[in-house]
Amino acid sequence: MTARPDLTSGGSSAPATNPQPVPPQLRAAMAVSIVGAVLIGLGPLIGLVAPGAAAAFLSWPLLLVLALLPAGIAFAALRLGHPVTAAAVLVGPAVLAPGRLVLDAQFLADPGLAARPELLKLASLDVFSPSIGVWLLLAGHVAAIAAGFLAVRGVGPSDEASGGHRQGLLALVLCASVLAAVGVLMAPFASDDPYLLPKPALDAPLVVLIGSVLLAVGVPTAAGYLAGSVDQDFARGGLLGLAAALAGVVVPPLVAAGVLVEISFSWGPLLGLIAVFALVALAMPAGRARSGEVDEDLRLPALNRLLTVSAVLALVAGALTVLAAIAPQVEMPYGLRDPSSYPARMLWPSGIVLLLVGVGLLLPRLALRVRPLLPVVWVLVPLAATGVLDAVFTAVQAAGADARIGAWSAGVAVLFAAAAAIIAAVAGAVERDEVDLTEIAMRRPVLIPALVSLVLGAAAFSLPVVTAPDYTAPGVFTEFGTTSWGLLVALAAVVAAAVLAPMCRPPRAAALLCGAAVVVAVRALEYPLTAGRLPDSAPGTGLWFGVAAVLVLLASAAAAARTKAA
1 MTARPDLTSG
11 GSSAPATNPQ
21 PVPPQLRAAM
31 AVSIVGAVLI
41 GLGPLIGLVA
51 PGAAAAFLSW
61 PLLLVLALLP
71 AGIAFAALRL
81 GHPVTAAAVL
91 VGPAVLAPGR
101 LVLDAQFLAD
111 PGLAARPELL
121 KLASLDVFSP
131 SIGVWLLLAG
141 HVAAIAAGFL
151 AVRGVGPSDE
161 ASGGHRQGLL
171 ALVLCASVLA
181 AVGVLMAPFA
191 SDDPYLLPKP
201 ALDAPLVVLI
211 GSVLLAVGVP
221 TAAGYLAGSV
231 DQDFARGGLL
241 GLAAALAGVV
251 VPPLVAAGVL
261 VEISFSWGPL
271 LGLIAVFALV
281 ALAMPAGRAR
291 SGEVDEDLRL
301 PALNRLLTVS
311 AVLALVAGAL
321 TVLAAIAPQV
331 EMPYGLRDPS
341 SYPARMLWPS
351 GIVLLLVGVG
361 LLLPRLALRV
371 RPLLPVVWVL
381 VPLAATGVLD
391 AVFTAVQAAG
401 ADARIGAWSA
411 GVAVLFAAAA
421 AIIAAVAGAV
431 ERDEVDLTEI
441 AMRRPVLIPA
451 LVSLVLGAAA
461 FSLPVVTAPD
471 YTAPGVFTEF
481 GTTSWGLLVA
491 LAAVVAAAVL
501 APMCRPPRAA
511 ALLCGAAVVV
521 AVRALEYPLT
531 AGRLPDSAPG
541 TGLWFGVAAV
551 LVLLASAAAA
561 ARTKAA
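Residue numbers (the working numbering): 1 to 566.
Calculated directly from the structure, the hints in this document are not laboratory data. For every residue, glycine included, the Cβ atom is placed at its ideal position computed from N, Cα and C. Possibly wrong hints are sitting among the right ones.
Using 16 Å as the maximum straight-line C-alpha spacing, the simulated EDC-like pairs for lysine to aspartate or glutamate come out as follows [claimed, not checked]:
1. Lys121 <-> Asp338
2. Lys121 <-> Asp193
3. Lys199 <-> Asp338
4. Lys121 <-> Asp203
5. Lys199 <-> Asp110
6. Lys121 <-> Asp110
Label pairs and their computed distance ranges (CB to CB) [claimed, not checked]:
7. Arg337 <-> Val499: 24 to 32 Å
8. Ile405 <-> Pro535: 24 to 32 Å
9. Ile405 <-> Phe277: 23 to 31 Å
Between the sequences and the hints, there should be enough to build the whole structure, so can you do that?
Here it is, written out as structure tokens:
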């Protein structure tokens, strides 16, 4: 990545008085971005399937304008003499383009399951095959990726800081991006049309799920990278471009819900639109330079501040999890039983553990000892929430039920728990920077019991805890569904803790293993908490493996605590 020339005195974001020639690579990036935008507009105009079927409304002008928006902002920045800002504008669309490309690839897999009224509206059960419009649409996203690559290669961010980096701004940008990530994982609209069947990401076809996850990961990743830049022009342009790219994702379903009678608004795109406005608003202070010398490197917040932030996020996640346990999950039609009441019982221990860890992080004497617990025990929230959401999704689809506040709280709690774990992990990295790690080595007294607990823990999550006649429990390797994702995440956390503990400092190793023991213990609690819903239920093999894993993990933690000076 090449450093940009000194375009303005002092790196100010004011219009340049002596604009430098635009690098050829940036000109090429602008041209590629415009071509890609035209391809995205032409796709639905030409037609995506054969035999032909049009969009549900006249959408191609809207799609064309939204696709051209990043190139328009970049052109305006060039006219004002800020090539770095122009190049940064094209980064956001490039980061989101892989997710959008995968989403649109659903038209190759099965157009009838795409649920994209701005691109296609089918009116029959005929077999449709993709036509040239799909390839134009996919080529447009590839062009967006190429444009971002060319732009950064041509004019990258300056190696010298052009203004003070404000940690508060970075935190606000990340909060807005998390809001957008939540939005893209939710259903884009509600529909009464049998040919338009929108689904949340977790219940959508595999291609849509992968595309939604790529978008949900791409937005906060790009936001953190761009807002964390010490180059003010690059930060401002990047956030504006990310907002424009996000608008291309969330605005079409909102417009479709506004013009079509058979579909109605959903919270997902509305959350995304709020994030768009927030990113635009935050792009302005991101481009203002402050006087005074600053460090060239992005400085992480102080350790105690990171611990406080992770504690607050853990408390919010715990409170939302408890709220989800208390509040109704779903409103069933008259005469039908609520299938979510027993799975919701798993939310209680998960929420209580997060609340206790959050309180411990706020206590100065316990914070550093409790901190390693959070990157492990946060998985309790998705472990419990996915079981509840699975029951809610089934009730909504099979019985026409309505999701209530409990289900929404469970879903949002997962995001807060994940954010708390990420911040706690960053705090751990800051803490390790201040410690001499040259003496850290594999500790054999911890290694053997940790490996044994790894095998037992894997069996606890892979095998059923509850068995009953004519009942097959969701699993990691069998009957894979929404609940299985929670099991998979929890299993990964237990395995990671068991693998890392022998290489960690003794107090941190003990905390990791204790966190893994708590996760497995909550898994074992599934039997006493939920077995009552099944007639003739009995303990499954996974329960006994879980109990054994808890005992071995606690023994491993004790062994780790005793190896003080090893």
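message: Does Asp203 sit within 16 Å of Lys121, going by the straight-line distance between their CA atoms?
response: Judged against 16 Å, a Cα distance of about 21 Å means the pair is violated.
query: Holds or violated: are the alpha carbons of Lys199 and Asp338 at most 16 Å from each other?
result: 21 Å, violated
field: Beta-carbon spacing of Ile405 to Pro535 - inside the hinted bounds 24 to 32 Å or not
entry: At 31 Å between Cβs, range holds.
field: 16 Å Cα cutoff - pair Lys121, Asp338
entry: Distance ~34 Å between Lys121 and Asp338 Cα, so the pair is violated.
field: Proposed proximity, Asp110 with Lys199 (alpha carbon, max 16 Å)
entry: 15 Å, holds
message: Assuming the hint says 23 to 31 Å, is it satisfied by the Cβ distance from Ile405 to Phe277 or not?
response: 25 Å, holds
message: Just to be careful, I want the Cα atoms of Lys121 and Asp193 compared with a cutoff of 16 Å; is the pair within it?
response: 10 Å, holds
Distance restraint hint 24 to 32 Å, applied to the beta-carbon atoms of Arg337 and Val499: At roughly 42 Å between Cβ atoms, Val499 and Arg337 fall outside 24 to 32 Å, so the hint is violated.
message: Given the hinted pair Lys121 and Asp110, is their Cα-Cα distance within 16 Å?
response: 13 Å, holds
The structure is inconsistent with the numbered hints 1, 3, 4, 7, although it conforms to all the rest.
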